[in-house]
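**Student:** For reference, the chains in residue letters:
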Amino acid sequence: MKNGKDVMQVVRSAVTQHGATRDELIPILTDVNHELGYIPQEAVTEVSRLIGMPKSQLYSVASFYEMLSLHPRGRHVIKFCENAPCHVVGGRQVWQALRDELQVLPGETTPDDRFTLMTTSCLGICAVGPVVVIDDDVYGNIEPSQVAGILARYK
Amino acid sequence: MSYFRSHILVCIDPACLAKGAHEVEDALQDELVAQGLIDEIQVLETSRIGGCSNGPELMVYPEGLHYVGLTPDDVPYLVEEHFLKGRPVKKFMEQIAVVTDEELGPPKPKEVRVVLRNCGQIDPNNIEDYIAEDGYEALAKALAMTPEAVIDEVSRSGLRGRGGAGFPAAKKWQLCRNVNDSPKYLTCNADEGDPGAFMNRRVLEGDPHSVIEGMIIAAFAIGASYGYVYCRAEYPLAVKTLNIAIQQAREFGLLGENILGSGFSFDLEVRVGAGAFVCGEETALIASIEGKRGEPRPRPPFPAVKGVWGKPTNNNNVETYAVVPQIMLKGADWYASMGTAKSKGTKTFAIGGDVNNAGLIEVPIGMTIREVVYDVAGGIRDGKGFKAVQIGGPMGGCLTTAHLDLPIDYESLTAAGAMMGSGGLVVMDEETCMVDIARFFMEFTQDESCGKCTPCRVGTKRMLEILERICNGEGKDGDIERLELLSQQIVKTSLCGLGQGAPNPVISTLKLFRHEYEAHIYEKRCPAKVCRALIHYQIEDNCTGCMVCARNCPVEAISGQRRAVHVIDPNVCIKCGICMQVCNFNAVAVTS
Numbered sequence: 001m002k003n004g005k006d007v008m009q010v011v012r013s014a015v016t017q018h019g020a021t022r023d024e025l026i027p028i029l030t031d032v033n034h035e036l037g038y039i040p041q042e043a044v045t046e047v048s049r050l051i052g053m054p055k056s057q058l059y060s061v062a063s064f065y066e067m068l069s070l071h072p073r074g075r076h077v078i079k080f081c082e083n084a085p086c087h088v089v090g091g092r093q094v095w096q097a098l099r100d101e102l103q104v105l106p107g108e109t110t111p112d113d114r115f116t117l118m119t120t121s122c123l124g125i126c127a128v129g130p131v132v133v134i135d136d137d138v139y140g141n142i143e144p145s146q147v148a149g150i151l152a153r154y155k
Numbered sequence: 001m002s003y004f005r006s007h008i009l010v011c012i013d014p015a016c017l018a019k020g021a022h023e024v025e026d027a028l029q030d031e032l033v034a035q036g037l038i039d040e041i042q043v044l045e046t047s048r049i050g051g052c053s054n055g056p057e058l059m060v061y062p063e064g065l066h067y068v069g070l071t072p073d074d075v076p077y078l079v080e081e082h083f084l085k086g087r088p089v090k091k092f093m094e095q096i097a098v099v100t101d102e103e104l105g106p107p108k109p110k111e112v113r114v115v116l117r118n119c120g121q122i123d124p125n126n127i128e129d130y131i132a133e134d135g136y137e138a139l140a141k142a143l144a145m146t147p148e149a150v151i152d153e154v155s156r157s158g159l160r161g162r163g164g165a166g167f168p169a170a171k172k173w174q175l176c177r178n179v180n181d182s183p184k185y186l187t188c189n190a191d192e193g194d195p196g197a198f199m200n201r202r203v204l205e206g207d208p209h210s211v212i213e214g215m216i217i218a219a220f221a222i223g224a225s226y227g228y229v230y231c232r233a234e235y236p237l238a239v240k241t242l243n244i245a246i247q248q249a250r251e252f253g254l255l256g257e258n259i260l261g262s263g264f265s266f267d268l269e270v271r272v273g274a275g276a277f278v279c280g281e282e283t284a285l286i287a288s289i290e291g292k293r294g295e296p297r298p299r300p301p302f303p304a305v306k307g308v309w310g311k312p313t314n315n316n317n318v319e320t321y322a323v324v325p326q327i328m329l330k331g332a333d334w335y336a337s338m339g340t341a342k343s344k345g346t347k348t349f350a351i352g353g354d355v356n357n358a359g360l361i362e363v364p365i366g367m368t369i370r371e372v373v374y375d376v377a378g379g380i381r382d383g384k385g386f387k388a389v390q391i392g393g394p395m396g397g398c399l400t401t402a403h404l405d406l407p408i409d410y411e412s413l414t415a416a417g418a419m420m421g422s423g424g425l426v427v428m429d430e431e432t433c434m435v436d437i438a439r440f441f442m443e444f445t446q447d448e449s450c451g452k453c454t455p456c457r458v459g460t461k462r463m464l465e466i467l468e469r470i471c472n473g474e475g476k477d478g479d480i481e482r483l484e485l486l487s488q489q490i491v492k493t494s495l496c497g498l499g500q501g502a503p504n505p506v507i508s509t510l511k512l513f514r515h516e517y518e519a520h521i522y523e524k525r526c527p528a529k530v531c532r533a534l535i536h537y538q539i540e541d542n543c544t545g546c547m548v549c550a551r552n553c554p555v556e557a558i559s560g561q562r563r564a565v566h567v568i569d570p571n572v573c574i575k576c577g578i579c580m581q582v583c584n585f586n587a588v589a590v591t592s
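These protein sequence lines are chains E and X, in that order.
Quick note on our numbering: the first sequence kicks off at 1 and runs consecutively.
Quick note on our numbering: the second sequence kicks off at 1 and runs consecutively.
Because the hints were derived from the structure by calculation, they are not lab data.
Treat the hints with care, as some may be off.
To be verified - So, partial list: chain E residues that the calculated Cβ filter (under 7 Å) puts toward chain X:
#1 Gly19
#2 Arg22
#3 Ile26
#4 Glu42
#5 Val44
#6 Tyr59
#7 Tyr65
#8 Ala84
#9 Met118
#10 Thr119
#11 Cys122
#12 Ile134
#13 Tyr139
#14 Ile150
#15 Leu151
To be verified - Below 25 Å or equal to it, Euclidean Cα-Cα: the simulated PhoX-like pairs (lysine-lysine) are:
#16 E:Lys55 to X:Lys292
#17 X:Lys452 to E:Lys55
#18 X:Lys141 to X:Lys171
What the hints assert, rightly or not - Chain E regions said to be covered by chain X (calculated; three or more residues, Cβ under 8 Å):
#19 8-18
#20 66-79
#21 99-105
Every residue gets a Cβ at the ideal spot worked out from N, C-alpha and C, and that includes glycine.
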């Protein structure tokens, strides 16, 4: 069990949905990651068994892509856009506010497992920068003073 | 047939969604049902209508009224007043003075919209809207021609790949067509990763059928039977819109078996990335579609010979495919009438940085940088001076005032040390430090290097370390030469375009702004007063002693009596710049 969900169940449902072939590996891993918050060891073993692919190759894929994680993340993943267009419209101050509020470094998770702080590549919505994404929610035109209020929505 | 007396278009651009557009849309539906108006008034979704700076936004037709800044709580009042009583609600209306679509407003001076023509004008989730704008007419026309004639038409149009390299599209198609192997595949590169570049996102979200139609035409010309659109995961709305569009195209018999009764069959699917910039490189993109690590491989063999699943594959980007239907419909001569001798047609750019009108633009190729910066983008913000423009994304180069009259086309840009790239334009004013800019881009490419080849993996790291040292005031004699040597080696020996282009920002800034590097290294001075380690804040004599700066200083580095000139202790100051921001008398100055 991970995050209240049965790992095997999640893996099998992802494999059934996409098909048990190697070329569907990224969609399968993306689904597992989305459901469980990360890709646990057991999931790697099960996916490897179901699609008939060595675990080493599975690891090579899972470790390559930024959005796939082999380590547990917090209940909510914060992605901050660190790119130039957001940077120049006040992104740096928002980034500082996020770090002050959470007291963690980029890539780290808060001790209560509530948040993992990450950066993201450009989301292409530069007109409303600075941009912060929490789970699947996008927040635009963020000011440092709004950070605490936004975080409070996530338990 | 049911008849709607009014249509409400809800903007579902990510910017408006972030402000609750879906909640407003749901509230509208509920309220229209509650008021018994749901059979008279239709609610539709569309891409950006206005600026989205004051979203969520609605457009009401036939009146053409633009409502902004709505919340679900406003909806019952709006529905009652406007749709029940027929009285438009002034307080929600867009004020003319604030029409600021920062991305894509009404065409700016000198703009020509070909690729962006439908964005914001039609409902991307309704294929009939696209068809009403001559959609899929080009496909019908192409299917009645021979594949060779289609390639010939595109060839005469002069269309070149819009992904950056500018390889003639028709030539690429012909190469793939000539390969004696099957099946053949088609890929669409929608992995638009350059920071600040979002032209393809707007096309995918606002006019997805133009891309699909272009792909079907290309597939017919090449003889491909299946296609993949590789879209980055950072664009969830684009993925959703594309999937809806593909489904609708299938329902209309425009994808699948025996398209329009021609005997030609083609289908396609969307593949979503998982966050890797390098997957925009075509061989890495193909590896990722196959479910592998998105690492580039040496070419040849080129994808035209061995691509997806080892089979011949044609890869173009979103903009290239999107323009194909227009060429088929209006003819090669029409398209070739725009642009320069060697670069035809129009190009979309995302222009950002220190200009008045940042956002998306589409202009004929060959327009000068001066026209783009001053006429289309409205000039430099706050009346400051133009210093440089960075063009071509993180692997592009910088151009200066000396290049203002340079035409923006593939050859001219490459000759000047920059490149067309995907079309990101970052304009910089005189307060930009070019060493810092070079460091910023190197940090990006270093982070995104996939690690497969040593020159890119280690070389960019070493270059970044030197640049960081220089910005920190620890530059040494010989650093510039070391950067130059490393640049040459990385360009020559890297496997793919990412590594080969990574040193470009350094090479071009070294060529044009060498004096700034020298000032950092030998004089420990940042001429643009940007690099923190090399600047000092000080309070000038016009300080009124109001104490605002002292109260706001986070480290209590400022001392002084009320109504007396204050002093900053340089040993305590962390150079955060807050004192300068809060001073009402411009008494805080930066020196270097």
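**Student:** Each hint needs a verdict: does it hold in this structure or not?
**Tutor:** Status of each hint after checking the structure:
1. Gly19: 11 Å, violated
2. Arg22: Hint holds; arginine 22 of chain E Cβ to chain X Cβ min 5 Å, cut 7 Å.
3. Ile26: Nearest chain X Cβ about 5 Å off; hint holds.
4. Glu42: 20 Å, violated
5. Val44: 15 Å, violated
6. Tyr59: Not OK, violated: tyrosine 59 of chain E not within 7 Å of chain X, min 10 Å.
7. Tyr65: Where the cut-off is 7 Å and the nearest Cβ of chain X is about 4 Å from tyrosine 65 of chain E, the hint holds.
8. Ala84: 5 Å, holds
9. Met118: 10 Å, violated
10. Thr119: 9 Å, violated
11. Cys122: 4 Å, holds
12. Ile134: Hint on isoleucine 134 of chain E: violated, closest Cβ of chain X at ~11 Å, above 7 Å.
13. Tyr139: 6 Å, holds
14. Ile150: With a closest approach of 11 Å, the isoleucine 150 of chain E hint is violated.
15. Leu151: Result: violated, 16 Å to nearest chain X Cβ.
16. E:Lys55 to X:Lys292: With a Cα-Cα distance of about 13 Å, the restraint between lysine 55 of chain E and lysine 292 of chain X holds, given a limit of 25 Å.
17. X:Lys452 to E:Lys55: Cα-Cα ~20 Å, so holds.
18. X:Lys141 to X:Lys171: 21 Å, holds
19. 8-18: Violated - the region 8-18 of chain E has 0 residues with a Cβ nearer than 8 Å to chain X, which falls short of three.
20. 66-79: It holds, with 3 qualifying residues against the three required.
21. 99-105: Check failed, 0 qualifying residues.
Against the hints set out earlier in the document, violations occur for numbers 1, 4, 5, 6, 9, 10, 12, 14, 15, 19, 21.
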